[in-house]
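Q: Listed here are the chains, written in short residue letters.
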Amino acid sequence: MKLYVYCLAENIDTLATSLAPVSGISGAAIELIKIDDFSVLVSEFHGDAVPVNRENALAHAAAVGSLLNETTPLPLRFGTVAGEQHLRSYLATHREALKAKLDQVRGCVEMSVKIIWNTDLDEQPAPDDDVGPGAAFLRAKRREILGGERRAEQARQVASWLHEQVRPLVRQDEVSLCPTERLIVAAAHLVAREEVAPYRERLTESRKMRPELHFLVSGPWAPYSFSNIELEFKTRFGVS
Amino acid sequence: MELSPEKPPTAEPEIETAHVEEFVEQLSCVTNSLPSRINIDAQSVEQGLAKLVLTLIEFIRRLLEKQAVRRMEGGDLSPEQIEELGLALMTLEAKLQELKDKFGLADEDLNLDLGPVGRLI
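First to last, the protein sequences are chains A and B. Numbering-wise (the numbering used here), the first sequence opens with residue 572 and increments by one. Numbering-wise (the numbering used here), the second sequence opens with residue 5 and increments by one.
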């Protein structure tokens, strides 16, 4: 029998009754199994690979999110499937590293800030009447490259500004610059649970200072961006 | 049940923005560019291989473009050389577009997630 593994946790022995209505992947019942010091949220899984679809993604998020009521879990990557013996072996081998990860996120949640730059940064094109198509092509590429460099610089400045705004309230951050052309900053902040309300207030104030930026603030989430254990797990077991 | 001493102030995630449509559009781009899983069947293996090879070609093509622009800005190319270089890069871009169309790949598919190093392009 294979297990679909949602997340690891500590200091929790049984599922809260509030978790009962939450179904796992493919509608399977989720359960908490104890392996050494770890509590592992799993459900039975029959098959080789987990289909990537909206229903399964929401089921994964709901299961992990429900545990967030009780403790801060270490989420595994969507689609992690393993036999129980493999799971036990993995946890035994990586016990210290996983404990360190749990120490790092204990008492915290992840908050997410995404920022869109609402101003056109592209240089206005000069007329290309005086040159052939090859030279006009290179001129267009030059504008494209310079526009990209300006966006990257702008993104760095905005990320630095955001960091300064929330620094006292954030234990750790993961920042991605320019994931798309207009989405210039995507930041994940690890915030102590008791600091979530002040963090939100701080961001509300900060947003007023930068009307040219559009914000999306979300959370609290399980610390997906700070777990980073999925690749090792995947490599070891070759899970989908 | 033994509960952790870290009960959250609120466990229900909230999403707060005044620009929903903009973010949906931008986040859809990110989602579409996430690496898809590779199923081992003849068609997807062929497409996966094409994606990898074309990503590397795209990476080199962009380097060539940047180098050409730097040389153009540096003033060490004659107008004829600029025109010739531009036409060559135009042809290369068109040829790569043909190959992307043939394998059903979009621009955002041609990238590699290098883990902690970031994305290739």
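Since the hints were derived computationally from the structure, they do not count as laboratory data. Among the hints, erroneous ones may be present.
Cβ-Cβ distance ranges computed for the label pairs, FRET-style [said to hold, decoys possible]:
| id | chain 1 | residue 1 | chain 2 | residue 2 | range |
| --- | --- | --- | --- | --- | --- |
| 1 | B | G108 | A | P782 | 17 to 25 Å |
| 2 | A | E602 | B | H23 | 38 to 46 Å |
| 3 | B | L56 | A | E752 | 18 to 26 Å |
| 4 | B | K99 | A | N640 | 49 to 57 Å |
| 5 | B | A98 | A | H734 | 27 to 35 Å |
| 6 | A | D701 | B | K99 | 21 to 29 Å |
Okay, the calculated bits of chain B under chain A, using three or more residues with CB under 8 Å as the criterion [as the list claims (entries may be wrong)]:
| id | segment |
| --- | --- |
| 7 | 26-33 |
| 8 | 54-61 |
| 9 | 80-87 |
Since this is a predicted model, take the numbers as computed values, not measurements. All C-beta atoms, glycine included, are put in the ideal place defined by N, C-alpha and C.
Q: Quick one: which hint numbers does this structure break? Sort them smallest to largest.
A: Violated: hints 1, 5 and 8.
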